[in-house]
Every structure is written in C-alpha cells, then in structure tokens.
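A.B. asks: Given next are the chains, with one letter for each unit.
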Amino acid sequence: MFATTIAAQELGLSRRGFLRVSVTAAGGLIVSLYLDSPLLSQQPPQLKVYPPDAFVHIKRDGMIVIQVNRLEFGQGVQTALPMLLADEMDADWSHVVAELAPAADVYKDPLFGIQMVGGSGSIAHSFQQYRELGAKVRAMLLAAAVQQWKVPTAQCRTEASVVYGPGGRSAKYAELADSAARLPVPENSPLKRASDFKLIGKDTRRLDSRPKCDGSLKFGLDLDLPGMKVALVAHPPIFGASPKSFDDKAARSLQGVMDVFEIPTISRGTAVVVVADKFWTAKQARDRLAINWDFSRVESADTAQLWAKYKELAGTPGNVAGSTS
Amino acid sequence: METYKLTVNGQAKEVSTDPSTPLLWVLREELKMTGTKYGCGISACGACTVHVAGVATRSCVVPVSLIGDRPIVTIEGIGQDPVGRAVEDAWVSEDVVQCGYCQSGQIMSAVALLKSIPKPTDTNIEESMGGNICRCGTYVRIRKAIKAASQQLA
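Taken in sequence, the protein lines are chains A and B.
Quick note on numbering: the working numbering labels position 174 of the first sequence as 174, and the sequence is numbered without any gaps.
Quick note on numbering: the working numbering labels position 83 of the second sequence as 83, and the sequence is numbered without any gaps.
Hints listed in this document are in silico derivations from the structure and should not be mistaken for laboratory results.
Heads up, some of the hints might be wrong.
[As the list claims (entries may be wrong)] Straight-line distance between alpha carbons at most 30 Å, and here's what the computed DSSO-like set of lysine-lysine pairs gives:
#	chain 1	residue 1	chain 2	residue 2
1	B	K32	A	K283
2	A	K218	B	K115
3	A	K229	B	K5
4	B	K144	A	K283
5	A	K218	A	K278
Build the full structure now, drawing on both the sequences and the hints.
C.D. replies: Okay, structure coming up:
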C-alpha cells in the first residue's frame, strides 16, 4: 500500500500497511488504513461514528463520507481526493461528502511520512492510495451482494452506489455496508483502466462550495477554543532586525492584555508579541508598543553591491556546464 | 466598556465591549459569527463586508458605537433574503469559490449591487465589486454568477 521511501524508512515505518474494517456503533461500513509499524499502537481504536483513522464511511442514508488527509485552501483537494476514491468505488457522486481528516498517523503522506500539504504533491502522492481504498471498498460491497444472492461475481456489476446482479437483482451500498464490513479486506483489488473513469478527469463541481458561500465553513482564523487568547506580533520592519529596547507600559495598561514578550523570527531577528483576551485588545496593545529597532545586524545588500559582486565573479574562471567537442 | 443593543439577521443581540471595537470583532468574537472574515483591517480588501441598514459596509473599520439602531445582515443571514439566496445558489452553480476566504464579502457586495441595480452591466459590476479582492482570482466567475443571479431573479 505504501511506497517505500527514505522518509518512511527513517521514521521506522515498514512497507506494509493493511486495511481493517469495522461496523460502527451507528451502523455502516468503515474502512481504515492501519500502518504496520512498531511506532504505532497495534490496538484497534475505540469504535465510534468517526474513528480518526477512517477514510470511508457509508452511512445508512446512503451518504458516503470520505476523509481528506490534506488541507483545502483553494487548490481543490477537498474534491479531488474524494473523486479518486469514489471513482474506483463506483459511488454515487451526488452522495459523496468530504471531511477534513483529523491529525493521525494514518493520514500521513505516503511518500513524505508526515501529515502535510505542499509541493503540489497531493494528487501525485495520494493517487494510488485513494484509488486502492475505493477499489477495495467496492470489492467488499460486491462480495457482500454475491454472498447474499449466491450468484457468480462475474454476473454482478456496480454503478452509482448500487450493486446489480442477475435476474434484476439490485442492492444499494448502504444496504450492503453492514455485511460488507464483516468480510475480509481483499489484498489486491484491480484498479480501473483510465478509459473507464467516470469522475477522474471530469468536471464534477466542488464539494465545498455551499459552506464557503453561506459562512458556515470554519477557517483557521475561526477556531474558537475555551479560554483561547489572541496573540499579535509586532514584526521587525526589516528582516533580521531586533528591538534595541521597547516600552510596553501603555500596552500592558489596557484591560485584557495578558503578556508582552519577545520571540525569535525565522530571519534571525526578534519580534514582540502581545497576548490578550480578544483581537481588538491585542491590536490596540500592539499599536501602543514603542519599539526602538536595532538594524545593525540586518541584511545590508543593495542593487549596487550585488552588481559589483556579479562583475567581480564574471572575471573569475567558471565551471564548464558542457562541451561540444 | 459600553453595552450595545444590535439587530443582527433579524435577531436582537446585546454586547458589552469597548466603544472603539469594530463591528467585525463584535460579530466574530462577541457573537461568535465567524462567517464574516478579517482580511486587511483597513477597509482595503472587502472580506469583512456586511450590510448595515442595507448598505454594503466594511465592518473592520466601523466602530460598534456608530451602528445605533441600524439593522445588520451578515453572510449567515443573507440566504434568507430572496436576492441573497439567488446569489448563493448562483455562486454554487457557477463553481465560483476556490479557497473561499473572500467570498462572504463578495456575496454581500453582490447582493447589495443587485438590490440597487437588478440588471447590472459589466461596468456596474466592476465598479461596485472593485473593492472586493480575491487572491485566487475568481473574478470572471463572480461576474458570471452575478449575471446568472440577476437572470434568475428577473
């Protein structure tokens, strides 16, 4: 299931991952991907409606909830990864719901070995994984129907969340989910040929449009935890600068300000942070900081200096990039 | 600290806060209505647009003390308005959004436009939507969706 990579080996992850299925307390089929790794607990998780490591949940009402292990920020991954899984699963796309997966080992990038998004790798790295998950779920639903009807597998087919069998038989995925969950997970399920794709490569419309149009979608800034404070940073005006000194008396005098302190910046400078009960308190406090910046250690290169450096380098022997002879 | 009585999406609300607090932060932090977004804080991007007495308003620069008894409508409530509903539906059917962060403000501005000009021209759209910035660059679809909503409402 998992591609072997240096990153994965460094983390101590073996190549083998395996699927496990379970019937949820609320009913329905859940397929999870477990890593066979000494780093991870081998205990199955507590069963609940959404165990953190579930990728697919077929609900009794026919809705298919697919966990997306990448952060959506406009690139469309909240739609694209479910498309991969739903296509192989022959799921009814109009009943597919995408959810942002929580933080868990099982959602780590198969290649990088960490849960992340970036480097334009979401589809490339998850293409195989999500398709295989979908193909295995489909195979199990098909097997459940075959077992129930006592007919040959070859006489059955799947389409839009329904298994069709000989003699006009048909069963919805939601009806088969519980019995499918009791079947063994197939080791290998063949993937579709590209010419058989129904969703991959097609315009499916975004799954996340409505909550982005009615204000209900929660962005990072919308997180609200009990007792949460707001921190605002007074950044150095130039990379690498630090406060020579600062006066925070006026800032601290505001009701609701908890603390003012310095933190290092990634450009080896220092910033000043205000922590307060609310945004507006923190903003007013930051505006009242009197910071005397020290620019003595900042990057001082300018265009004239860079040109002079280039000219100097142009006069020195270079490396041979290629030769025609 | 002062106490203010506000009408938000038709509901009476009461908040106690510093009079200088912008409406945006009253909505987001006091009333826990996070659909209205913080972008620039200086009325330059439009992400925080709400309706105050029907006027598209940048809530990040309007102190709560200036609201008075003017009713406020936010993205959480605009779907109950026929024009608001048509705009939201057009946004979905035209697949306007990408990251979606600016779209609450875009939709609030679009609804205000269609309420004053039911059949806007491209120029009308550019003039009234020009203050709503979208870094994903969804402008072409926004224009299509406004026209689709306009037709739907005609």
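A.B. asks: Are the hints correct? Go through all of them and say.
C.D. replies: Structure-based check of all given hints:
Restraint check for K32 of chain B and K283 of chain A: the C-alpha separation of about 19 Å stays at or below 30 Å, so the hint holds. Under the criterion of a C-alpha separation no larger than 30 Å, the hint pairing K218 of chain A with K115 of chain B is consistent with the structure, at around 28 Å. Taken as a hint, the K229 of chain A and K5 of chain B pair is honoured in the structure, with Cα atoms around 25 Å apart against an allowance of 30 Å. The hinted pair formed by K144 of chain B and K283 of chain A fails the criterion: a straight-line CA distance of about 38 Å is larger than 30 Å.
For the proposed pair K218 of chain A and K278 of chain A, the alpha carbon gap of about 18 Å is at most 30 Å, so the pair holds.
Taken one by one, the earlier hints fail for this structure only at number 4.
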